Amino acid sequence: MLFTSITYFLFLIPSLVLYYLIPQKIRNYFLILISALFYIYVKVDYIFIILFIIICNYFLGIGIEKAKNETKQLLYFYLSLIINLGILIFFKYWNFLIINIFELAGYVNNAPVKQMPLLDLILPLGLSYYIFQTIGYITDVHRGSIKAERSIFRFALFTLFFPKLLVGPIERANHFLPQLKRMVVFRMENIIEGGKRIAWGLFKKLVVADRIAIYHTAVITSADHQSGATLFFASILYTFQIYADFSGYTDIALGTAKLFGYDLLENFRRPLFSKNISDFWRRWHISLSSWVNDYIFNPITLKHRNWGKWSLFYGLMISFIVIGIWHGAAWNYVLFGIIQALALMYEGLTKKIRKKFSKKINLRIYNPISILITFLFITFSLIIFQSNTLNDAINIITRIFTHHGDFFYDKPSTLLFMLIGCSFMMLYEFQEEWKIFPFSLFSNKSWVVQQLSYSLLLIYILIAGVFDGGQFIYFAF
Amino acid sequence: MQENENQMKKIYRNKHFKIVLKFGLFIFFLWMFDFSVGLFLSHCYQKQKSGLLYRATYSMDSTNADMLIFGASRANHHYVPSIFKKKLNLTCYNTGRDGETIFYNYAVLKSVLKRYSPKIVILDFSIKDFSNNEESYDRLAALLPYYESHPGIRPIVKLKSPFQKIKLISKIYPYNSLCFTMLIGSTNYNVTRDYINDDNGYIPLTDSFNQALYIDTTNINYQLDMNKINAYISFLKDCATSGVKIYVIVSPVCVKYLYQDKSIILAKRIAKKYNVVFYDYTNDPFYLNSNFLFADRGHLNENGAKIFTNQVINEISKNEYAIEKSTPSLSVK
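Which chain is which? The protein sequence lines are A and B, in order. First residue of the first sequence: -7, per this note's numbering; consecutive thereafter. First residue of the second sequence: 27, per this note's numbering; consecutive thereafter.
Keep in mind that the hints are not guaranteed to be accurate.
Keeping only pairs whose Cα atoms sit at most 27 Å apart, straight-line, the calculated DSSO-like set for lysine-lysine is [to be verified]: (1) A:Lys35 <-> B:Lys75; (2) A:Lys403 <-> B:Lys44; (3) A:Lys403 <-> A:Lys60; (4) B:Lys299 <-> A:Lys17; (5) B:Lys154 <-> B:Lys44; (6) B:Lys35 <-> B:Lys48; (7) B:Lys298 <-> B:Lys282; (8) B:Lys344 <-> B:Lys263; (9) B:Lys140 <-> B:Lys263; (10) A:Lys437 <-> B:Lys294; (11) B:Lys36 <-> A:Lys437; (12) B:Lys186 <-> A:Lys403; (13) A:Lys267 <-> A:Lys427; (14) B:Lys35 <-> A:Lys403; (15) B:Lys35 <-> A:Lys17; (16) B:Lys197 <-> A:Lys437; (17) B:Lys184 <-> A:Lys437; (18) B:Lys298 <-> A:Lys403; (19) B:Lys73 <-> B:Lys191; (20) B:Lys197 <-> A:Lys188; (21) B:Lys191 <-> A:Lys188; (22) A:Lys35 <-> B:Lys186; (23) B:Lys191 <-> B:Lys145; (24) B:Lys48 <-> A:Lys188; (25) A:Lys17 <-> A:Lys64; (26) B:Lys332 <-> B:Lys282; (27) A:Lys188 <-> B:Lys299; (28) B:Lys75 <-> A:Lys188; (29) B:Lys263 <-> B:Lys184; (30) B:Lys193 <-> A:Lys188.
Please keep in mind that the hints were generated in silico from the structure rather than gathered at the bench. None of these values were measured; they are calculated from a predicted model.
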């Protein structure tokens, strides 16, 4: 069920009305029920996997807390990791691992293997998100930073809550579980705030992301016939597309959660205005990068603190390989992660020089140039990210610099729709970031101006949105 | 104490009243904008004097040509109305539209038959035309601007989604993504653009295809779409009941197929059942050996279209002559 489909809203509105009509005490049970139905609607079989994960981790969490000695505690902890990672590896990485192991074996033995034990598996939607969330919970219980959840229903809702089930944000137990313990009362403010957030999400997804997707797909699928300028333009647009797609989804998820009285973690903080790569990763997919920071980077650097700066580099490399491969079982994702880690190492090594340099230049020049360089770096690394194979990525990058020719922009209307959508989104974010304009439409003090602005936003979605668009890009991860 | 409680209740009630009022106003603003912008877009749509959208409106609402061509891009680029007029002495309009399917063709036919009955109809059929794919249904969006004004096509539009009626509550939705095309369509600039210039709907392709003949051995098994098959049957039946002579033609491509396509087999069988003449030009050796007559693998260029149109005229003439020598309106020059 796509968040932008009419089916979703036909599911959401009656669910919301019923949710506030039933007694407060049973609202969480109702949420579990509709979340399960939401997941079953996607595919019935998936529900058994998630139920298995809920039951195992619920009991193992309590087991860790109740264990009388450290060995037993570790045993439960590792058992949970084996179950969670085992399921993730089996569904997501099995074929990738087998192909690479067999190819390596074939290379060593100088005899390519013809028959590999590959499996025809479909990745359950949202698996990477809820597995990471559960690992975070179990690690927190093991560290003693949170108490194990004693109510299986609350724990089930923590995992199943439908707005974040398919594409995150990857919630933290200490943020979300306490919210599930309090009674939710109907507040009109939540409905208004949630509605506004959903409207923005729809704008980003339907007007910006899906519109660019039409052009971008046309260009990339015929990359061998396109000029360097066209490929460069399409690559720049892809940066806007993936941002609008993922942050649009997150806005709808956060807005939906707000309608039900819950706050989910913010996942984006205007990342396209980042001044460097470390700044970018503090603003982009925050729930994943902070998860990796807390559960991978910090433990590694702490463990190897006697290595000095090499512990940081080592931690960065491992963390970003995990971030890369989390996106998918392919080498281009690994390379994407490695490139990010190398950029961060470079930033770490040149921090002092850059700081000195920045003091010599007017910040009004230095900052926009930094933003532009960061944006171009992200754009080029996303070429690797979006390509099916490494060769495709190399081909596109090579053509950008070597192939001159006609600039393809499809139809004038396509170009106009894309540019207007992007400009509007960036102008809004610009105002949110720097508050330069004295007059704001969407957070104006006058509610009439606000209402008119949101009505016009919805009208523009009807005029320029792509209603037969595709899936969210991050569904694939 | 009691007074305080009453005051609190009053404040609470006032607050909720204000929120409901604001929400009501928001819905009103939304409805007002949707209605007025939708009305404006509808006006712009109807006012167009050139371009793709204008041709669709003209096909449905205005044409009274003796002969109509239906189909997708291959229909649009392969049949030259001026040659039909010259050789058969019949006015002709080409309603073919790039990327469209039998659904669109049937909707246009229904609208035409409500006004008058043309003498001859040619339906251009392509390989895999009965295949089941989502894009065919997405393409039905082209009919949304006519949903209100043409009740006859509503069942076809609803094939797109069961929620189409809900979406059509919005007056803007039928014109979604069309505003710039419509604005350009209302200007003189549009008329001056080469590829928009048409000969009674026909748009010539000027390129020349240089690549070698492609031999297709794939024979991919695909699922047939019952909705498309039913629309095709209805198309043939409606023509028959309105006394329209219909020809189904598979026009040539620069591809040699080493297999029989199941859509074509089925279309041929249905045509036979309803006594409809069916001409299949796939694997016609003349076209297979003349790549210079094509603009790309699937489309004839201007010269190719002229040759092909003449060939079709000959076939029609032969057929008409064989059936009934005394057809008064059909005088072959």
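Quick rundown of the hints versus the structure:
1. A:Lys35 <-> B:Lys75: violated, 49 Å
2. A:Lys403 <-> B:Lys44: Given that 27 Å is the threshold and the Cα spacing comes to 47 Å, the pair is violated.
3. A:Lys403 <-> A:Lys60: violated, 69 Å
4. B:Lys299 <-> A:Lys17: Given pair Lys299 (chain B), Lys17 (chain A) is violated - Cα atoms ~66 Å apart, limit 27 Å.
5. B:Lys154 <-> B:Lys44: Cα-Cα ~59 Å, so violated.
6. B:Lys35 <-> B:Lys48: With a Cα-Cα distance of about 20 Å, the restraint between Lys35 (chain B) and Lys48 (chain B) holds, given a limit of 27 Å.
7. B:Lys298 <-> B:Lys282: holds, 25 Å
8. B:Lys344 <-> B:Lys263: This hinted pair holds, its Cα atoms lying about 23 Å apart.
9. B:Lys140 <-> B:Lys263: holds, 15 Å
10. A:Lys437 <-> B:Lys294: Given pair Lys437 (chain A), Lys294 (chain B) is violated - Cα atoms ~68 Å apart, limit 27 Å.
11. B:Lys36 <-> A:Lys437: Given that 27 Å is the threshold and the Cα spacing comes to 25 Å, the pair holds.
12. B:Lys186 <-> A:Lys403: holds, 25 Å
13. A:Lys267 <-> A:Lys427: Between Lys267 (chain A) and Lys427 (chain A) the Cα gap is close to 17 Å, so the pair holds against 27 Å.
14. B:Lys35 <-> A:Lys403: violated, 59 Å
15. B:Lys35 <-> A:Lys17: Answer holds: Lys35 (chain B) to Lys17 (chain A) is near 24 Å, not above 27 Å.
16. B:Lys197 <-> A:Lys437: Distance of about 30 Å is beyond 27 Å: violated.
17. B:Lys184 <-> A:Lys437: At roughly 43 Å apart (the allowed maximum being 27 Å), Lys437 (chain A) and Lys184 (chain B) break the hint.
18. B:Lys298 <-> A:Lys403: violated, 42 Å
19. B:Lys73 <-> B:Lys191: holds, 25 Å
20. B:Lys197 <-> A:Lys188: Status holds; Cα separation ~22 Å.
21. B:Lys191 <-> A:Lys188: Status holds; Cα separation ~25 Å.
22. A:Lys35 <-> B:Lys186: Distance ~23 Å between Lys35 (chain A) and Lys186 (chain B) Cα, so the pair holds.
23. B:Lys191 <-> B:Lys145: Distance ~35 Å between Lys191 (chain B) and Lys145 (chain B) Cα, so the pair is violated.
24. B:Lys48 <-> A:Lys188: Status holds; Cα separation ~14 Å.
25. A:Lys17 <-> A:Lys64: Distance ~36 Å between Lys17 (chain A) and Lys64 (chain A) Cα, so the pair is violated.
26. B:Lys332 <-> B:Lys282: holds, 22 Å
27. A:Lys188 <-> B:Lys299: Violated, because 58 Å separates the two Cα atoms, which is more than 27 Å.
28. B:Lys75 <-> A:Lys188: Violated - the C-alpha atoms of Lys188 (chain A) and Lys75 (chain B) are around 40 Å apart, more than 27 Å.
29. B:Lys263 <-> B:Lys184: holds, 21 Å
30. B:Lys193 <-> A:Lys188: At roughly 20 Å apart (the allowed maximum being 27 Å), Lys188 (chain A) and Lys193 (chain B) satisfy the hint.
The earlier numbered hints that this structure contradicts are 1, 2, 3, 4, 5, 10, 14, 16, 17, 18, 23, 25, 27 and 28.
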